[in-house]
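Chains L and G supply the protein sequences, listed in that same order.
Numbers 114 to 434, taken from this note's numbering, label the letters of the first sequence in order.
Numbers 760 to 1006, taken from this note's numbering, label the letters of the second sequence in order.
Worth flagging that the hints you see were computed from the coordinates, not collected in a lab.
These numbers were taken from a predicted model, which means no experiment stands behind them.
One should not assume that every hint holds.
[Stated by the list, open to error] Calculated cross-link-like contacts (lysine to aspartate or glutamate; reagent style EDC-like; alpha-carbon spacing at most 16 angstroms):
{"hint": "1", "chain 1": "L", "residue 1": "Lys221", "chain 2": "L", "residue 2": "Asp201"}
{"hint": "2", "chain 1": "L", "residue 1": "Lys259", "chain 2": "G", "residue 2": "Glu880"}
{"hint": "3", "chain 1": "L", "residue 1": "Lys409", "chain 2": "L", "residue 2": "Glu323"}
{"hint": "4", "chain 1": "L", "residue 1": "Lys409", "chain 2": "L", "residue 2": "Glu432"}
{"hint": "5", "chain 1": "G", "residue 1": "Lys981", "chain 2": "G", "residue 2": "Glu880"}
{"hint": "6", "chain 1": "G", "residue 1": "Lys792", "chain 2": "G", "residue 2": "Glu807"}
{"hint": "7", "chain 1": "L", "residue 1": "Lys409", "chain 2": "L", "residue 2": "Asp315"}
{"hint": "8", "chain 1": "G", "residue 1": "Lys981", "chain 2": "G", "residue 2": "Glu967"}
{"hint": "9", "chain 1": "G", "residue 1": "Lys792", "chain 2": "G", "residue 2": "Glu858"}
{"hint": "10", "chain 1": "L", "residue 1": "Lys254", "chain 2": "G", "residue 2": "Glu967"}
{"hint": "11", "chain 1": "L", "residue 1": "Lys254", "chain 2": "G", "residue 2": "Glu808"}
{"hint": "12", "chain 1": "L", "residue 1": "Lys221", "chain 2": "L", "residue 2": "Glu184"}
{"hint": "13", "chain 1": "G", "residue 1": "Lys852", "chain 2": "L", "residue 2": "Glu414"}
{"hint": "14", "chain 1": "G", "residue 1": "Lys804", "chain 2": "G", "residue 2": "Glu880"}
{"hint": "15", "chain 1": "L", "residue 1": "Lys221", "chain 2": "L", "residue 2": "Glu202"}
{"hint": "16", "chain 1": "L", "residue 1": "Lys254", "chain 2": "G", "residue 2": "Asp984"}
{"hint": "17", "chain 1": "G", "residue 1": "Lys792", "chain 2": "G", "residue 2": "Glu808"}
{"hint": "18", "chain 1": "L", "residue 1": "Lys259", "chain 2": "G", "residue 2": "Asp984"}
[What the hints assert, rightly or not] Computed Cβ-Cβ distance ranges for the label pairs, DEER-style:
{"hint": "19", "chain 1": "G", "residue 1": "Pro940", "chain 2": "L", "residue 2": "Glu181", "range": "54 to 64 angstroms"}
{"hint": "20", "chain 1": "G", "residue 1": "Asn827", "chain 2": "L", "residue 2": "Gln428", "range": "28 to 38 angstroms"}
{"hint": "21", "chain 1": "G", "residue 1": "Gln875", "chain 2": "L", "residue 2": "Asn347", "range": "33 to 43 angstroms"}
{"hint": "22", "chain 1": "G", "residue 1": "Gln875", "chain 2": "L", "residue 2": "Glu323", "range": "31 to 41 angstroms"}
Ideal Cβ placement from N, Cα and C applies to all residues, glycine included.
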Amino acid sequence: MADHNFIQVLDPGVLVTIQDEGRLAYQSFGVPVSGAMDWFALRVANRLVANPSHAAGLECLAGSILLECEEDVLVAGAGCGCRLVVNDEEYPLWLAVRVRGGMQFGLKPSGEAGCWGYLAIAGGIAVPPVMGSRSTFLRGKFGGLKGRALQAGDLIPLGHPVENIHLLAGRNFSPAALPGYANHVVVRVVESAQAANFSTEDWNTFCSQEYQVSGQSDRMGYRLAGALPLSLANADVISEGMLPGIIQVPGNGQPIVMMSDCPTTGGYTKIAAVARADLPLLTQVEPGTGSVWFRKVSIPEAEVAYRQIVLGIDQFIEEEG
Amino acid sequence: MDAGIVAQARESRLWYPCGMNSTQDKPDDLLPKIIPLSDAAVLLKFGEEISLEINQRVHHAFRLLKVNPIPGILSMIPAYCTLMVQYDPVLNKSGDIIEALSLLIRIHMISGEPMQGKVIEIPVIYGGDAGPDLDFVASSHQLDPEEVVAIHTSRLYPVYMMGFMPGFAYLGGVDDRIATPRLASPRQQVVSGSVGIAGSQTGIYPLESPGGWQIIGRTPLKLFDPDRDPPSLLSPGDLVRFVRLDG
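Using the sequences and the hints given, assemble the complete structure.
Pasting the structure below:
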């Protein structure tokens, strides 16, 4: 096995962590899933540079990071609110771009709405997995690079890309197949465990009013604020398992959507769960400025939507030209 | 999953291997309700209260599903009275997962005794710097600190569930004589390994964190280590015995 290729962090941006599809197998010990907030963006970026879906990439808050590579690499940017930059030249997201050894590259905010930018590098990021995943869990201080956000000067090891990887430069993901990313979105939800604890009026409110995504939101959860709070006789239930996408309603009647770093168990009433197909849309709404409306669908409908997205990803990758 | 067993059961309608028939109501009371939690997870609900009996059925089902894995199941989270099962919706439809789970549970849970978790001994240095609230817990119950230690070490505490933070075990069943409410004002930092009491719960902080439990001692054991396999010293369903360690 040849030595690892490395990339070096020149500017660590606002908050950049190494993330993959998450750490599923240890939830019974209280270990959160973590993983990319926008699973769709990381997965497409990985596929563009011929990485397996479980490869680790960089998740960049506000789409900001600057790196330098020693040897040639193939990279792809994805997500919202940013562009790929290579030596000051800008490229669109959802495109595989060859970066020559010694060049600087990264993501840069574009001024458009969006929250998370992703950078996949051919070969994937090769930090050692912790409990089966390379995802960073900041509060637990494990995973990723020493369990922390990237800092200037960090050297990040890369895995080995497939052969003749640079022939793939120019591949892009069809823009028509992207989810409808926006700062004000309609998101499908399905009923969750305590859906029946809410009155018909509450459900009408939940599915008709606009919810602002509060600035007090992070990788653990997005807090929502609606003009009309939901009314609950008792907001607490006996703690039970939960996962990203679950919408809990505490006593103040304002929902909280669980996100990647959410605790594995929760004791608030669960009204609904964001359809997996639409979770990427919600994660990209900017806390503080963006908003969301919910639309209730059946579980079979949500399942079909998710299957179509997952199975469609490889179909919509187009070769150059 | 052993597809053969499920197919056989479906064919013969022989849900109860020990000779009971499906018109009897009593065994069904022991079976969970299976309700969707999202488009990728269901909850097996065994009851609506915190009780050891209900919790043991949760852990029984958890172990059954680990031994008889159903393809497409990605993870499970046992809690007080529910078992969350997460599955891959690309491979499984919600309806199929619910059917497979209910068949498996019916076949295996009706017969068979719940398996017992292992007993884990946790050595604890009580009082002093390690347990700054031991004297308060004692005086609020008109006890000597020694008596608090004797009572705390006299029981086996079941791990009802884990959550809140990696490696944190919810241990129930604290003796009323030492059950004590949380601190009025939580501490900024509680050292990892600290053993505390909150109401009728007792627990150990696996990581340094803020916290409001009454800290009566500290264990030198590392409850959670991300680089160890398994990372957690305790597992849901285990039984914990605290043992006094002279500091």
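Comparing the hints with the structure gives:
{"no.": "1", "hint": "L:Lys221 / L:Asp201", "verdict": "holds (10 angstroms)"}
{"no.": "2", "hint": "L:Lys259 / G:Glu880", "verdict": "violated (31 angstroms)"}
{"no.": "3", "hint": "L:Lys409 / L:Glu323", "verdict": "holds (14 angstroms)"}
{"no.": "4", "hint": "L:Lys409 / L:Glu432", "verdict": "violated (37 angstroms)"}
{"no.": "5", "hint": "G:Lys981 / G:Glu880", "verdict": "holds (13 angstroms)"}
{"no.": "6", "hint": "G:Lys792 / G:Glu807", "verdict": "holds (11 angstroms)"}
{"no.": "7", "hint": "L:Lys409 / L:Asp315", "verdict": "holds (13 angstroms)"}
{"no.": "8", "hint": "G:Lys981 / G:Glu967", "verdict": "holds (12 angstroms)"}
{"no.": "9", "hint": "G:Lys792 / G:Glu858", "verdict": "holds (12 angstroms)"}
{"no.": "10", "hint": "L:Lys254 / G:Glu967", "verdict": "holds (11 angstroms)"}
{"no.": "11", "hint": "L:Lys254 / G:Glu808", "verdict": "violated (34 angstroms)"}
{"no.": "12", "hint": "L:Lys221 / L:Glu184", "verdict": "violated (22 angstroms)"}
{"no.": "13", "hint": "G:Lys852 / L:Glu414", "verdict": "holds (11 angstroms)"}
{"no.": "14", "hint": "G:Lys804 / G:Glu880", "verdict": "violated (30 angstroms)"}
{"no.": "15", "hint": "L:Lys221 / L:Glu202", "verdict": "holds (11 angstroms)"}
{"no.": "16", "hint": "L:Lys254 / G:Asp984", "verdict": "holds (11 angstroms)"}
{"no.": "17", "hint": "G:Lys792 / G:Glu808", "verdict": "holds (14 angstroms)"}
{"no.": "18", "hint": "L:Lys259 / G:Asp984", "verdict": "holds (14 angstroms)"}
{"no.": "19", "hint": "G:Pro940 / L:Glu181: 54 to 64 angstroms", "verdict": "holds (56 angstroms)"}
{"no.": "20", "hint": "G:Asn827 / L:Gln428: 28 to 38 angstroms", "verdict": "holds (36 angstroms)"}
{"no.": "21", "hint": "G:Gln875 / L:Asn347: 33 to 43 angstroms", "verdict": "holds (34 angstroms)"}
{"no.": "22", "hint": "G:Gln875 / L:Glu323: 31 to 41 angstroms", "verdict": "violated (52 angstroms)"}
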